[in-house]
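Chains as they are written, first to last, in this note's numbering: chain A, 1 to 465; chain B, 1 to 372; chain C, 1 to 89.
No lab work stands behind these hints, which were simulated from the structure alone.
Just so you know, these numbers come straight off a predicted model, no measurement behind them.
All C-beta atoms, glycine included, are put in the ideal place defined by N, C-alpha and C.
Take these hints with a grain of salt, some might be off.
Keeping only pairs whose Cα atoms sit at most 30 Å apart, straight-line, the calculated DSS-like set for lysine-lysine is [what the hints assert, rightly or not]: (1) B/Lys66 <-> A/Lys461; (2) A/Lys461 <-> B/Lys36; (3) B/Lys36 <-> B/Lys219; (4) A/Lys167 <-> A/Lys150; (5) A/Lys150 <-> C/Lys14; (6) A/Lys70 <-> A/Lys150; (7) A/Lys167 <-> A/Lys212; (8) B/Lys66 <-> B/Lys219.
A few chain B residues that don't get close to chain A, going by computed Cβ distances all over 12 Å [to be verified]: (9) Leu39; (10) Val85; (11) Gly164; (12) Gly177; (13) Ser178; (14) Ser179; (15) Gly182; (16) Gly213; (17) Asp215; (18) Met235; (19) Gln348.
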Amino acid sequence: MSGSHDVIVVGAGPAGGEAALAASGAGLRVALIDEGPAPGGQVWRAPRTAQAQAAAARDPDGRQGGALRKRLRDASVTLLAGAEVWDAEPGFVVQCLAATGNHALQAPRLILATGAMERVLPFPGWTTPGVFGLAAATAIMKSEKTLPGKEIVIAGQGPLLIAVAVKALELGLRPRAIVDRAGPRDWLRAAPAFAAMPSMLARGARWMARLKAAGVPILRQSAVVSAGGCSALDGVTVRHLPSGRETEIAADTLYIGNGLTPADELHRLLGAAQTRDRLRGGCRTEVDADQRTSVPGLYAAGDGAGVHGALPSVFQGQIAGLAAARDHGALDADAFAARSRPARRRLARALRFADASCRLMTFPEDDLAEMPPDCVVCRCEDVRRSDIEAAMASGAADMNQLKHFTRLGMGPCQGRMCGLNAAGLLAPEGDLRFTPRAPVRPVSMDRLIGEFDYSDIPVPKPAPL
Amino acid sequence: MTRTDYDLAVIGGGIQGASVALFAAREGMRVVLFDKGALARQASGTNAGTLTMQMTRAALIPYALKAHEMWVNAPQWLGHDVGVVACDGLSLAFTEAEEEILSQRAEARSAAGAPIRLVSSREAARIEPGVNPGIRMASHCSVDGYANAYLTGLAYRRALVEAGVELREYTPVSGLGSSGRGYDIRTEGGGVTARQVVLAGGVWIEPMLKWLGIDLPIKTLINQLAVTERAAPVMRTVLGIASGLLSLKQYPHGTVVIGGGWQGEGDRDSGTHRATAASAVGNARLAVHAIPSLRRSRIVRIWTGFEAETADALPAVGPVPGHPGAWVIGSVHSGYTSAPYMARCLTQAILGRPPEMPLFPIDRLLPGHGSH
Amino acid sequence: MIENEAIQLVVDGKPVDCVPGQTVAGALLAQGIYAFRASPGAGTPRGPFCMMGACQECAIEIDGVVRRACQTPVAPGMVLRLRGAGAAE
Ligand SMILES: Cc1cc2nc3c(=O)[nH]c(=O)nc-3n(C[C@H](O)[C@H](O)[C@H](O)COP(=O)(O)OP(=O)(O)OC[C@H]3O[C@@H](n4cnc5c(N)ncnc54)[C@H](O)[C@@H]3O)c2cc1C
Ligand code: FES
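Pulled out of the complex, with its shape left as it was, chain A reads as follows (with noise of 0.2 Å):
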């Protein structure tokens, strides 16, 4: 499976698996690596389980991914599932590591299609089992059609919380509440915008009546300001925004997201220029219209780049892998106009509906301040907030320092779970992130290292005595 390619993509869903379709159809050698055990990335994950199998088939994202793993399983591209890619050097040499071990793939072009990761403020009681995100609901439901929890409540903010409820209420699941931090007026901005995807709008309002018909509450302005139990959930606090009304809702599980932010590791692994925008999830790669980026050979579409929603990134796979083709030599300068014209025109239309829905899962950054001393940030090192106010009042100013004062981003998520939170702590209007490093993962030692004969390590010549 190691060995050089035309072009590597990496990440499998809607826009890389776009990306790897189109570049392999303008004849190059693709190579698709993702860590999921079949194409589809977060939207159109693969069912796993017979019973998420038959659902998928009568649900849209769920034909939408089996035809977009059928047409991969057609298209002659080499695909590497269940593939972690750890590492990305420059040229570009990509590692990845999977039940057979760990595999270098080489090529002159790497489309990074990573997708995002869901962002959640911190609360207290967060860290309690029973506590998820909001898109794992999503990602279990999917591949396995089923739900954690009884009494559930489902929080946040943006479309998901409709979507989540009610495929809750079809697994038999009446959701305890619903928690959203939007207004009524919030949606009713976004309206137009959705109102230029009449299908969406048409499912939104169906889903709507499904939930007031099954009596579903749905708390508007408000947010969960705390988890409580010690090795279960047995309940939530929730919190009015405008008022500071509390009530106590009791639950044995919460689904919680606020918005999305691109997996971006490789992207700056790689020393891909980067700008600051809040709603595109923190921080975008910055790309031409042909979705390169500043790097050359580099490539970047879907949410890994900035998140934009499933659609768009369909079309921004597309280009990037044309554009990756053209700049092989494999499509001249019109063939490539007349091939990514379509793209173009639909992605423009894809942007309206994606940037309401951007709007509605903007990340409440402000409302990181209100955060209480003994909330944990960092969850892999028990470090709370006040823990990084004492660092700070020791002259910790940045990340590095941060993370050396407290230990903060050095457990096994790598910061992925602390590293914007607590650099919105230290610095607000700063623009802080940790210094990119491999693994992009943490690496299986017994993978990365395989069989192997002290003889063949190659030991470098020893130190001078």
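Chain A is fixed; fit chains B and C with the ligands onto it per the hints.
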């Protein structure tokens, strides 16, 4: 108002420069310390923290032994914690050739004063139950241990502030000139003057010495390290191998740091460096070969740092020839280990006292200097 | 084709049934097991959080090595050790 004239200006806030600044200020000097970044963010904050004799050059053993004692007592003289743990150290031989290197090196180092002796594989396994039973023999040193290097910046920062050292972090020095009373230290936001100056720029002592017209070639090593996530105890010693290309220990909080001088890629002048996958794999294999149960764990970070080396791989610690009041300190092999003691000796010289142990003047390395 | 016959895992010595295709995390959650491990610092109970491989809260010992339960498909006879990951016992 901040003052602009000092008794001593130290350029470079790594372990060497920060230690000199601290000791000098405690002796009553008015000291200013410059760093282009934050304190101890280069080699001194990113190194493996091994405080070992078994990787130290034989000539430096007497210094390293003194320094080890200082590290163990850091709470007393530094006043702050850098997480020092003193423990046994083992260097392993897996092959016949390694047995030979090990015996030679153990002999040279124990001749220099290190409490090192050769032990059988059975005894080694008693000292380190986690070790690969396939070793042929080991050398044991009773003076070994490690610090938590990433705490260096915080600990020194506190100590320096308490000692009254004026800290100028994120202030690169761009040049140096002689003035009537000593030296002008030039930075973007203006300059200061100081009667004496210490060049402690790590790998950047080469460009620093050029400010004074001195040409001392410094080789830049790009050492690569890795650390696992926290795990249940798998080992209790500092482990190495005969060739010196492994250093391995588990911190009390459970992480295992894997090092030994495998090389990454980078370039001193641009200041960039990066780890390579090939070195990561080689180093990890060596680590798992030494402690087999490490195979179960996961590496969470890999990083690199610049280490300085002179042509003869011995330190550059002493006066800058032809420039009274200018001093250099750096390029000390296993330099984190020896730093506090090297810095103490240099500070004594700066104060006009005879150093407890001889310095390593750079004259020997300069062009035109015959071999000694 | 995924067979639809139940698979048995061994979780801390006890048998647990699950469905082929499930992830290890999904299988445990379906049994009502939410707490997978203790945070290595403060020792507070933790369980899966992101279900997409990012947070590492689901990392446990699977067949002797630390793996993310949310990214690992179940296999017959798989041996799981909860709290095995990270807890400095
Ligand atoms: C990865 C790695 C692992 C190591 N492991 C060990 C170990 O286990 N045990 C051991 O004993 N030793 C180890 N070493 C060696 C040890 O870290 C070094 O010998 C020691 O830290 C060097 O200290 P220093 O103060 O000379 O240099 P540095 O720590 O590099 O400090 C130099 C400082 O000068 C500053 N500077 C440079 N130019 C300017 C300028 N123009 N203006 C202002 N400031 C400037 C820099 O920012 C830097 O902070 C290791 C080294 C590395 C890189
Ligand atoms: S639940 Fe987050 S990595 Fe598995």
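Taking the hints in turn, this is what the structure says about them:
Between B/Lys66 and A/Lys461, the direct Cα distance comes to roughly 29 Å. Compliance with the 30 Å bound is thereby established for this hinted pair. Between A/Lys461 and B/Lys36 the CA atoms are separated by roughly 33 Å; this puts the pair beyond 30 Å, and the hint is violated. Proximity of B/Lys36 to B/Lys219 is assessed by CA-CA distance (about 20 Å); at most 30 Å being required, the pair is judged to hold. Simply put, A/Lys167 and A/Lys150 have alpha-carbon atoms about 14 Å apart, close enough for the 30 Å limit, and the pair holds.
Simply put, A/Lys150 and C/Lys14 have alpha-carbon atoms about 24 Å apart, close enough for the 30 Å limit, and the pair holds. Between A/Lys70 and A/Lys150, the direct Cα distance comes to roughly 36 Å. Violation of the 30 Å bound is thereby established for this hinted pair. As the CA atoms of A/Lys167 and A/Lys212 are separated by approximately 14 Å, the hinted pair is consistent with the 30 Å bound. Distance check on the hinted pair: B/Lys66 and B/Lys219 sit about 27 Å apart at the alpha-carbon level, within 30 Å; holds.
Listed as a non-interface residue, B/Leu39 fails to keep its Cβ farther than 12 Å from every Cβ of chain A; the least gap is roughly 9 Å. No Cβ of chain A approaches the Cβ of B/Val85 within 12 Å, the least distance being about 17 Å, so the stated non-interface status holds. Its beta-carbon lying about 16 Å from the closest one in chain A, B/Gly164 satisfies the requirement of being farther than 12 Å from that chain. In this structure B/Gly177 is separated from chain A by more than 12 Å, as the shortest Cβ-Cβ distance comes to about 30 Å.
The Cβ of B/Ser178 lies farther than 12 Å from every Cβ of chain A, with a closest approach of about 33 Å, so its non-interface assignment holds. Non-interface status of B/Ser179 relative to chain A is upheld: no Cβ of that chain comes within 12 Å, the nearest being about 31 Å off. Residue-level check passed: B/Gly182 sits 29 Å from the nearest beta carbon of chain A, beyond 12 Å. No beta-carbon of chain A comes within 12 Å of the beta-carbon of B/Gly213; the shortest separation is about 29 Å.
Even its closest Cβ contact with chain A, about 23 Å, leaves B/Asp215 beyond 12 Å, as expected for a residue assigned away from the interface. Residue-level check passed: B/Met235 sits 14 Å from the nearest beta carbon of chain A, beyond 12 Å. Interface exclusion of B/Gln348 from chain A stands, the closest Cβ pair being 28 Å apart, more than 12 Å.
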